[in-house]
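Student: Residue numbers (the working numbering), protein chains in the order written: chain A, 9 to 457; chain B, 385 to 1277.
Check the hints yourself; a few may be wrong.
List time: in silico EDC-like cross-link candidates among lysine to aspartate or glutamate, alpha-carbon distance up to 20 Å [claimed, not checked]:
no. : chain 1 : residue 1 : chain 2 : residue 2
1   : B       : Lys509    : A       : Asp270
2   : B       : Lys468    : A       : Asp237
3   : B       : Lys909    : B       : Glu1008
4   : A       : Lys372    : A       : Glu362
5   : A       : Lys370    : B       : Asp806
Keep in mind that the hints were calculated from the coordinates and are not lab data.
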Amino acid sequence: MSVHCSSSLPERHAIPCPQNSFSRRRFLRSAALLGAVAGLPSMVPSSVLGAAGRPAPSNRITVGCIGLGGMGNGNLGGFLGDPRCQVLAINDVDRNACESACKRVNTQYNNQDCAGYKDFRELVARDDIDVVSMATPDHWHAITAIASLRAGKDVYGEKPFSHDLREGRAMVTAVAQYGRVWQTGSWQRSSGDFRFACELVRNGRIGKVHTVEVGLPTGGPGGDAPFTDPPPQLDYDFWCGPSPWAPYSKDRTHWNWRWQMDYGGGQLMDWIGHHGDIAQWGLGTEYTGPVEVNPIYAEFPKTGIWDAATRYRIECTYANGAKMILQNAEGQHRMGAKWIGTDGWVWVDRGGFETSPKSLVKDKIQPGEINLYHSTNHISNFLDCVKSRRLTITPAEVAHRSASVGHLCVIAMSLGRKFRWNPETEEVIGDSSATALLGRAKRGPWSIV
Amino acid sequence: MNLDVIQTASSPFPSPPQRGRGCRRQERGWLMALIPVEGFWRLSRHKTMKAFALVAILGLALGSLPVSGQPASGDPYEGLAKFKFGESRVPLATIEEQIRKSSPAEYKVIETKLLTVLKAPETPKDAKRYICRWLAVVGSPDCVPAVAPLLTDDDLSHLARMALEPMASPAAGAALRDALPKVHGRLLAGLIGSIGVRRDPEAVSALAGAAKDDDPVVASAALLALGAIGTESAAQTLAGLQVAPALSRAQARARITAAWHLRNAGANPQAASIYRDLMQPAQPQFIRIAALKGLIEALAQAEAVKLVTEMVQGEDAAMREATAVAYAMSTDAALQSAVASALPSMKSSGQLILLGVLSDLPDVAARPAVLSLVEKGADPAVQAAAIVCLGRHGEAADVPMLVRLAGTAPGPVGEAAHKTLDRLGKPGVDDVLIGLIGSPDATDRATVLGVLASRHTAAALPTLVRLVGGTDAGLAVEAAKALGVMGQSAQLAALTATIVGTQNAQLRTACEEAGRAICTRAQDKTAAAEVVLAALGQAQQPPARAALLRLLGYTAGAAPLTAVVKAMGDSDAEVRQAAFRALVGWPDATAVPHLVEVARRAPDSADAIVALRDGCLRLAAMEEVPMAERLSAYRSVLEVARRPEEKRQAVSGLAEMPSFGSLDLLKGCGQDAALKNEAIPAAIRVARELGTVNYTRAVAALQELKGMTDQEDLRKKADDAIKSLQNAGQTADGSILAWMVSGPFKSEGKTWKELFDIEFEPEKAGSKADWRPAGQGTVSKTGLVDLNKTMAGDERVAYLKTQITSERDQPAQLEIGSDDGVKVWLNGKVVDASNVIRPLTPGDDKVKVTLSRGVNRLLLKVIQGGGEWSACCRVRAPDGAPLDGVTVGVGEE
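Could you put together the complete structure from these sequences and hints?
Tutor: Next up, the structure:
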């Protein structure tokens, strides 16, 4: 079904929390007009009037937030903290999360204007919302994103970019078709150490790169909490959405969804949009991908409902022979990305940056060399690009390619064998089972077509 | 280890080099409380390979092990045939593993087995769900007849589509189409979605019917599926459908998708026709934007250039932006260049947006047009944007013009020129800049030197060195400034030589500042000192010697310090003052004795105050200075200082440095009437922090401090500290924080298992083992003792001990976790012995004990096989509830 058409909904699902669902922009314009004619009414909050260096309301970027868990709330803080923005609406299938976020927005703006929705389609249908911040579980990424893009919204979407490869390509296509601005929450790109590490590698400071080791967290088995009725504040069927229905357990939903392949992708997919993405950036393979994916080992839980691989090592070979080795970080294998070349290596992680030779740490990238995209604030970069219509530091195609590495690894682990991949056509070469796993059928009525 | 999580079946992959883990789910709550979330997985995952290996061996020895009531061996398909949600997933996981171990040629056997279970009437639906998933991987067209009937089942339709949707076989497509009239609502919408994914052209007619469905959810899905099919037939069908207003947006979106497919298939005229239709004002703006973008891509080049040029300077800002995005994303280089060449004749609104986009498109031939806008300079905003854009498209030949603008143009234009000069990366740019150093225009020269510094142009260094020593003082000053930004140790000698030789104070200062920056950056400060000392040996004039002495303060080593100290006796006041300043700012504690000597020689002088305050006390507060040297510096200040101000500052610093050395000094200050008001509270604070390190000594100090003051509030503070220390050895939930540690102990050739029963010194009667406090780096705030922090290595043991003081005889429970094994003594009696390899799970061992009134001595022997090495212990009531009347401390040592 269409995921965008609010009028197709049998009923409105606005959650009863302090809100107004009429066009905020219309209200703002009315207020401004009123001010011009009759003097400013004293009860209009200063935040509405563009005080304290904020742009005038009509020039603000209006924001709707879909998914208000950990990252959603973090990103909400980023948008609330940027004076160029005005958050207008919140969506979450968990009423508590929705109400809490609405309250936070209203407190920030000192009004009661934030609208809360259980059904994201109602938020997306609002023509007065310019951008959407999307931070749902992975299985909802593509559907909410595509609906938003097809409604003319620019999107700040959390990583991993997509839940499977076919979704990712559909999202990239929607961004291109509708000419929207996309930023993926791979915020490490907006951190100086990561950019500099990639610049050193891209500019040949360690010679010809033959290997990049990507250290990711180790997963764990679990998910053995009993099946129960879902809590009353959660619309669990909606939460399952496009993924297969299964009985509710507290181990299935909030946070824990990451460890189940129907909703997340385990530690590997959680981090592929960080260290995997940085590894691609350094390799300069942001617009392509590996040509062969080889699972060296993988361990899967046998009990509980968590089924994502917990320990893994996969080798991806690129067209130039370079290998990206993705492995859960244990023992000598550190978290982060470590590029190894003929003349040295560079390792970077959050709070860690080492090189060989050591002098590279103080090196300077010259103007004539590859100077990578410079951003110091991920959300701010997104908002800049919403204004300028230029590419963000993590645009859709780049994010899709990073996520693709993870998806290919997941497929290889699932099949227990290596396969070849054509990154240009995005087709598996000679393995129909791997091809079948590039996408997955959605539970009705949800679809990405 | 809990058997629920053991992987009994062999992995399809080569054995991993590391270990898996086992961790009881229900206990993870406490574990998570103990270990920061980020560290949790790392810690808990580390151990298990050996654990798995051990249990696998046990499994082999004992035959099949019970795993959640299911046999670990046997036919997993039998288990599958009975599977319901909530039951063991082991049979399913076993089949998944079989699939992973099988080649595609072997899938047929698995498919046959799966279909047998699928067709069995008694097979639960939950089992069928899983079978359908796997059929997506191992299934062939043979499975379609068995799966197709499930498409109409409310519970299984989705899963049946999971099998059929990715299947290339026409039979799968037919099954999906055939099911269309048999379902409705969300099942029908789901079916339509799968048909859309397959882009099944044979379904166009059926979808056209579905698009008229009363259910808007179904109708919308059908419209979008038609768009996804994207053939001419589908596109025509879509265009001809009369839909309700509520579905008009869905129809428009579907047509955008159809046009996209048509264009990708080369049917550009048909695509363009759709896009033009959708650009009508009646459409929502976002549809018009998408249509415009698509149209630009679908048109022949000449038409596209005309359209882009027209739209990018149109009145509608959103359409302007859409045009720019389409332009940026275009793969037609000729189109991009043609539009760029039209820049000079566009309106400024279009120029501004295109210039921004062109900054991201280095391959577009835009330089002539951009240059034209720079030179025209009619609109400062456009000119500035063009200059920024030139940072991507400009060449070396543009440098002189940019230098001129950077030096002369006001506001954003000048700033943009500076920015562009900083980033311009084309070949030859640096050469032109270096050449411009000789420009007759002073402004140009200054600009160029600044730019070269900003660009860190190494090729300019020889020129800069030459200029520093040249005859043009103004240029020399600018060159020195540039060297300050980008110079390295190799250029230091040129700067010091100029300092020695010049009579120009401004130049000397510039060289000194540049030299300071280079010395600060230098990796080898001793080598830098040699350069400066060599110049000092040549310098005759006091100003030069003073400057060089100040520079020495940014180097390191004994020789420069000696030179500085010697110069403090120089006959020239300026030199003496410079030397003193260098000494006061010396970077390490080797200067302390000399600073103290200054204060000792003239204790009432201003120099004494500076030496103590800016020299000694500054160094004493530096965390990178060794603790003993810091203490020594504080002690010296307390001895030498005449004024209470410096002494008070020393007291304040000592309060931030908890150690028994600090405590002793603070106690001494507590006897000084002028300092006691600061010293005693500081000492109480330090003693309180040391309580978990040495309870007895800390309490004794607190008692002593209490006796040193008559102030009730201080006495109460001391009492409070003593009281809090009595239980500082445990967390609120009873996890022990205060430990003494001894080890590591090894025995050549003995394995971890054998080490368990070897009696090392700490467990011997009358032990004389060397015990030391387990510091904060080893014990986390939640009570996790990480022995790897100080004793890393395999096949070894360590001991932990503490004292539990109970107000009465009472039963208790020790909840112990260890990685790996552990043996526990309470009051000399073994109460727990687990000679195992395991990851740390708090409370793995729960031991009922009786605590005697008074002191109870607890001793743990923690075994290390390899990997992580840690332990924890919590004291609770026998039922796991909190336990009253108990304090924990390490005792007398």
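Student: Each hint should be assessed against the structure and marked as holding or not.
Tutor: Going through the hints against the structure:
1. B:Lys509 <-> A:Asp270: At roughly 18 Å apart (the allowed maximum being 20 Å), A:Asp270 and B:Lys509 satisfy the hint.
2. B:Lys468 <-> A:Asp237: Cα-Cα ~17 Å, so holds.
3. B:Lys909 <-> B:Glu1008: holds (17 Å)
4. A:Lys372 <-> A:Glu362: holds (15 Å)
5. A:Lys370 <-> B:Asp806: With a Cα-Cα distance of about 19 Å, the restraint between A:Lys370 and B:Asp806 holds, given a limit of 20 Å.
Consistency with the previously given hints is maintained throughout, with no hint failing.
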